[in-house]
Amino acid sequence: MKRFVDLADFTRGEVQDLVALAQRLEHHPEPRSLAGKVLGLLFMNPSLRTLASFQSGMARLGGSSFVITPGQGTWQLEARDGAVMTGAAAEHIREGLPVLASYCDALGIRAFAAGEDLAADLADERFNAMAALVDRPLINMESAINHPCQALADWKTLDELPGPARRKFVLAWVSHPKSLPLAVPAATVHMAALRGMDVVVLRPEGFALPTTVMERARQAAAASGGSVAETANRAAALEGAQVVYAKEWGCTSHYGDEAADRELRRPLKNWCLRNDWFARAADDCRVMHCLPVRRNSAIADEVLDGPRSLVLRQAFNRLPAQMAVLHRLLRP
Amino acid sequence: MKRFVDLADFTRGEVQDLVALAQRLEHHPEPRSLAGKVLGLLFMNPSLRTLASFQSGMARLGGSSFVITPGQGTWQLEARDGAVMTGAAAEHIREGLPVLASYCDALGIRAFAAGEDLAADLADERFNAMAALVDRPLINMESAINHPCQALADWKTLDELPGPARRKFVLAWVSHPKSLPLAVPAATVHMAALRGMDVVVLRPEGFALPTTVMERARQAAAASGGSVAETANRAAALEGAQVVYAKEWGCTSHYGDEAADRELRRPLKNWCLRNDWFARAADDCRVMHCLPVRRNSAIADEVLDGPRSLVLRQAFNRLPAQMAVLHRLLRP
Amino acid sequence: MKRFVDLADFTRGEVQDLVALAQRLEHHPEPRSLAGKVLGLLFMNPSLRTLASFQSGMARLGGSSFVITPGQGTWQLEARDGAVMTGAAAEHIREGLPVLASYCDALGIRAFAAGEDLAADLADERFNAMAALVDRPLINMESAINHPCQALADWKTLDELPGPARRKFVLAWVSHPKSLPLAVPAATVHMAALRGMDVVVLRPEGFALPTTVMERARQAAAASGGSVAETANRAAALEGAQVVYAKEWGCTSHYGDEAADRELRRPLKNWCLRNDWFARAADDCRVMHCLPVRRNSAIADEVLDGPRSLVLRQAFNRLPAQMAVLHRLLRP
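Quick note, the sequences are listed as chains A, B and C, same order.
The opening position of the first sequence corresponds to residue 5 in our numbering, with each subsequent residue numbered one higher.
The opening position of the second sequence corresponds to residue 5 in our numbering, with each subsequent residue numbered one higher.
The opening position of the third sequence corresponds to residue 5 in our numbering, with each subsequent residue numbered one higher.
Among the hints, erroneous ones may be present.
Unchecked claim - Derived CB-CB ranges, DEER-like:
1) C:N49 x B:G75: 31 to 37 Å
2) B:E120 x C:D305: 54 to 60 Å
3) B:N49 x C:D13: 54 to 60 Å
What the hints assert, rightly or not - Some chain A residues well away from chain C (every beta-carbon gap over 10 Å; in silico):
4) D85
5) A94
6) H96
7) L104
What the hints assert, rightly or not - Facing chain B, from chain A, some residues (calculated, C-beta under 7 Å):
8) H31
9) H32
10) S37
11) A39
12) N49
13) K182
14) P296
15) A304
16) S313
17) L314
These are calculated hints, taken from the structure and not from any lab test.
Beta carbons are placed, not taken as given, at the ideal position from N, Cα and C, and that holds for glycine.
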């Protein structure tokens, strides 16, 4: 394994192998397996879980890590080809990325969507421009349109649920004060489809996931025996749901238009996941969210503090999932 | 030992055992004793000594650490129950704390006083709300009303003084441009009392330590054969003093009222610890301060650079003291 | 070796030994040689390469490191003797530095020029005031007038060039939106002179390197069989050049005068290193720069992306060069 940048690069069986490795490392530590190895972590955007879980995971495998946060103790990085750099950015990614890569055995990059041009973000231009400059094992720590570490942790979390394989998986848009990127919803719908679940994307008008995202999920579903549908009808979506994965994202009908986004979400404050959403869901329907979550805006206290919530387990699973990725990338 | 959040949780003998372990680790390194262990460090407020000494101490014991500083590379954390999170904070402590704890073997938390409601700060509500969410070994890296790591380092520093056990210990209020929290004075008066010293709190009118702080110290003194008194009379306080522990703190008569605090401290610029304060102190009277210290505002150069000063030794002792705490918390 | 603060503290042979050690560590890892050792890294100014390469290098030798960035998660540090500290700085270097040093086995300090008083910066007053307070092995991670880590990495890079020993070395001033410090040009001219090269400093009027810098380089050249000259004549300087080391720095004729500096550099936008500069240089003339570099302001894309560029190799060499320094300072 040379890169972990997209779950779609792997077959269902390969993902299952990674999850099995994560389970093994969770229960049988290998505290010297990455001794002498160094992981570089480049955060173009803030982080709590990702930073802590990667540093901890690398340490638990006997390795070390360093953190670079441009614009905070470091200068900003320019990414445009041919730029005449007389502005704020003191360094270009064409120097910064190869140099950082040369200091480590693997590099993780977090680079969120610019949020202006949907096509550019769907093509993951910002992340890919940086990734193309790295000749070391590379990890996507969340890009404009992907978050494979979260998807892998969520896969493990779903595997841990008791009973028969879960079937109906609802990715439900929930309210947030402002626009958020498409990375997690895009990764989640694909992940659930690749597992062979019956995926329903529940979202208000104006927030449909982009066609390329839905199409990719449908292809994964086709190969795995699942399905992917989309609706704005909450009652229909939640009927019989076995997993509700709540997530906030920005409007796609007017992508990058903050004013339009604000208008569209103004009447949607009631898209806060509450207990009454589960009236016709499966009795043991569980709730997922990638965190951070705004309580009582996206999900009500009664749900987060209730027995349906898997959010802490999902977050914990970032640790063994990423340890498996590091092990696979760096273990000779 | 499950938690190190308050020196008052331990008997005098237990503290002495910790100090003995600190002395052992200072002189006989155990560079592999915490191999594979990970310490999480959550700083809600700035740090220099605490950050460096915990990271160094963990490394010297063979372990690793990671640092999270919300609001700086990470989002802010909400703490209020039932908050509708549509403001600046992107995550609630009810998710953030359990998640961070799940990534490490022990967690240190720094959370200063909000400085608005004396009762809330005396009850250490902010720190305790976070601590209640952590199911791992926990360390108080300074809360609203406590700083047990400093107190333990200071205990070791006092033990290192030559001659008979020191008796008269003066905690002296000194000048600072603005209000500072009560954590160190509260921890210090209790620590000296628990050692059985004769403690005098010297402070101007308006800066009396809260009754609950004094009462707790008196109880510790009663059990250890010491005493605790309070005065605004500098000459009386310093008469025969063997240790002067200088510290800045905010007015308590108008707690949280910045304007009143400013008025009260305006005429107190001469509360800067100078050599002439020691005219009637013991010849070998020593000076302590937890640092950082504002030179020539709180303590004059002539004192800090003179032979009475123990401040560098106190700061160094943070390292072995905290190594002892980590060893006790994490060594199987 | 007790300190690595200035390449001029070492003979040419001693530098060659360090470079040989760097080459050995690059090719023959010693992943346990600094086990249990802790490196403190104090950054008064931003960093990317230095931070990452020191943390990685220490980890690759089995040691650990911690990072302190005053003013960012930590309070600012006061350096003036006798200051009455009622302003922004909460701590004086007279406490901060000895304390940090007491937590580690070696300390690296980055402290750029204040850029106001040329004599003070040439005397490296800010760095030296801090260095004088440190009783541990010390590393200069770039001071007002020096950058020995960069110079050592550059020496290794020059050693790696094929063919006969390079002779003509041109340190060429290039354009930058604003004034930058003299640390790298001063270290570079001395480094090349100590190697015995024929050094030409090419810079526009107003940007002559200070006499003390040139004089020091001339003394090094005299001992090594090289030479040091200075000119504003680009064609003459580049004639037969075998290495062009591009660097930005501030005007020295009106040091610290931002308005004068701006006026002086306004007509100098064409001092951007382009392919046509090499018309009469040696065929295999190579280009160096310490990074970060502003593309198409200081150096054109066509040069940075062309075969002459050594900038990525220079940056990589920071890692083994600094590992050699750490090994020499900390290996018992």
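Here is what the structure says about each hint:
1. C:N49 x B:G75: 31 to 37 Å: Violated, at about 22 Å.
2. B:E120 x C:D305: 54 to 60 Å: holds (55 Å)
3. B:N49 x C:D13: 54 to 60 Å: Given range 54 to 60 Å: violated, Cβ gap about 40 Å.
4. D85: Given a closest Cβ separation of 8 Å, the condition is violated.
5. A94: violated (5 Å)
6. H96: violated (5 Å)
7. L104: Violated: least Cβ distance 6 Å, not greater than 10 Å.
8. H31: Status violated, d = 14 Å.
9. H32: violated (12 Å)
10. S37: violated (11 Å)
11. A39: This hint is violated: A:A39 lies away from chain B, its Cβ roughly 10 Å from the closest one there, beyond 7 Å.
12. N49: Constraint on A:N49 not satisfied, violated at 9 Å.
13. K182: violated (9 Å)
14. P296: Interface hint status for A:P296: holds (3 Å vs cutoff 7 Å).
15. A304: A:A304 check fails; min Cβ-Cβ to chain B is 10 Å, beyond 7 Å.
16. S313: For A:S313, the interface hint is violated, since the closest Cβ of chain B sits about 10 Å away, which is over 7 Å.
17. L314: With a closest approach of 12 Å, the A:L314 hint is violated.
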